[in-house]
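Number of protein chains: 2
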Amino acid sequence: MASMTVGTVAEDTKSRLLATAVRLFSEHGVGGTSLQMIADELGVTKAAVYYHFKTKGEITEAVAAPALRELEQILDEAAAQRSRGAQIDHALAGFVDLIVRHRALVALFNTDPGVARAIDRSLRGAQNFKTRMVALLAGPDPDLAGVITVHVILAGLALTGGAADHEDLDDDTLRSHLFEVGRRMLGRPKRRV
Amino acid sequence: MASMTVGTVAEDTKSRLLATAVRLFSEHGVGGTSLQMIADELGVTKAAVYYHFKTKGEITEAVAAPALRELEQILDEAAAQRSRGAQIDHALAGFVDLIVRHRALVALFNTDPGVARAIDRSLRGAQNFKTRMVALLAGPDPDLAGVITVHVILAGLALTGGAADHEDLDDDTLRSHLFEVGRRMLGRPKRRV
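One line per chain: the protein sequences are L and Y, in this order. Final position of the first sequence in the UniProt record's numbering is 193; the numbers increase by one with none missing. Final position of the second sequence in the UniProt record's numbering is 193; the numbers increase by one with none missing.
If we strip away everything but chain L, and leave its shape as in the complex, we get (with noise of 0.2 Å):
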């Protein structure tokens, strides 16, 4: 049991040190954040951060995976719809929950050059992400209005979703304007409610 404590209290720092980082990443950007800041601002020595991650990439990586991870999840449950209409609908409300649960990260992922490069750099996680997404989303073969117009749909849902106007909306009501926005751009038909 005392490894398991230990490899617990382990989780717990590595956890409060993620979180810590995309805090002061929301603040100074990733550029102007540094492992010392981070290990100013937890209380703990530089070589405790060192411990847990060796440059501040891995850091934003250990930050970004999770979501693009859940993300990879969403486009597969997508693809396996049978109707392109449903395929539109749950890779979109996937989408858009998705933004909605992690706004802040999402305010970070779109506000910092450096998160997204980080993560096209390490994981090739984002870009894969948008082929697959435009795909499902304009369908098979689209022409450059059709990419475009789901470029513009998704990058103003996700700007919009971590957006500091929309802060002091719930969940549940950003989260269903959000993916009747989306449906309405896309051109599916109106839901009955």
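Note that these hints are calculated values from the structure, not bench results. Keep in mind the model is a prediction, meaning the values are calculated, not measured. Backbone N, C-alpha and C define an ideal beta-carbon position, used for all residues, glycine too. It is possible that some hints are incorrect.
[What the hints assert, rightly or not] Chain L side only, calculated, beta carbon under 8 Å to chain Y, not exhaustive:
#	residue
1	His28
2	Val30
3	Gly31
4	Thr149
5	His151
6	Val152
7	Ile153
8	Ala155
9	Gly156
10	Thr160
11	His177
12	Met185
Model the placement of chain Y on the given structure of chain L, informed by the hints.
Below, chain Y without anything else, positioned relative to chain L:
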């Protein structure tokens, strides 16, 4: 004439300084860029930078100011149009044109929390612009759905216009696609071409 030449040289240094700042901000974020880095990149002393700008905030403001002034003018012109449709088309066309002409700057606005915050703080231009743009595009007294729709469209257009994915598209192509996507999303009728 001597003083005019000196003035011209100073102006030239200032505009080179701003261009260099934009490039460094894009690469390292505002938080990750120092006055010293800007001086080094320009091959001048920090004192020479300091002659023009006392703080990084002043540089950010100077970078953003011309585009915000253009936006104000577009909104004035749009508000002076007679029909709601013409108001929407004018505001949208002006916004899209500005995005496309200043792609690098827009990418920076979109992707750095430091820039957005500096603008909000020093010019209060961004918030004022957003309020006026929403009023123009969503109409007077819009409900939450209307406000969110306009936010998604504006954020989506700006993020897509500044995105690296579309770097290869020439200005005319990008401009016309973004304009058409925006019109469709705002429920404007198809134009005869």
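Next item on the list: Tell me if L/Thr160 is really an interface residue toward chain Y, meaning its C-beta lies closer than 8 Å to one of theirs.
Entry: holds (5 Å)
Item checked: Supplied contact hint for L/Gly31, tested at 8 Å Cβ to chain Y -> Result: holds, 3 Å to nearest chain Y Cβ.
Item checked: Hint check, L/Gly156 versus chain Y [nearest Cβ-Cβ separation less than 8 Å] -> It holds, given that the least Cβ distance between L/Gly156 and chain Y is near 3 Å, below 8 Å.
Notebook entry, point to check: Would the hint on L/Thr149 stand, with a C-beta cut-off of 8 Å toward chain Y?
Noted result: holds (5 Å)
Next item on the list: With a cut-off of 8 Å on the beta carbons, see whether L/His151 makes it to chain Y.
Entry: holds (5 Å)
Check: When the nearest CB of chain Y is found for L/Val152, is that gap smaller than 8 Å?
Finding: At about 4 Å, which falls below the 8 Å cut-off, the nearest Cβ of chain Y leaves the hint on L/Val152 intact, so it holds.
Next item on the list: Verify the interface restraint on L/Val30: the C-beta must sit less than 8 Å from at least one C-beta of chain Y.
Entry: holds (7 Å)
Note to self: Let's test the interface hint: is any C-beta of chain Y closer than 8 Å to that of L/Ala155?
What the structure shows: With a closest approach of 4 Å, the L/Ala155 hint holds.
Next item on the list: Classify the hint on L/His28 as holds or violated, based on whether any CB of chain Y lies nearer than 8 Å to its CB.
Entry: Given a least distance of 5 Å, the restraint on L/His28 holds.
Notebook entry, point to check: Given L/Met185 was flagged as interface, is its beta-carbon under 8 Å from a beta-carbon of chain Y?
Noted result: With Cβ-Cβ at 5 Å, under 8 Å, it holds.
Notebook entry, point to check: Are L/Ile153 and chain Y close enough, Cβ to Cβ, to be under 8 Å, as the hint says?
Noted result: Cβ of L/Ile153 sits 6 Å from chain Y, so the hint holds.
Checklist line | Interface hint outcome for L/His177 [beta carbon to chain Y under 8 Å] | finding: Status holds, d = 5 Å.
In summary, this structure violates none of the numbered hints.
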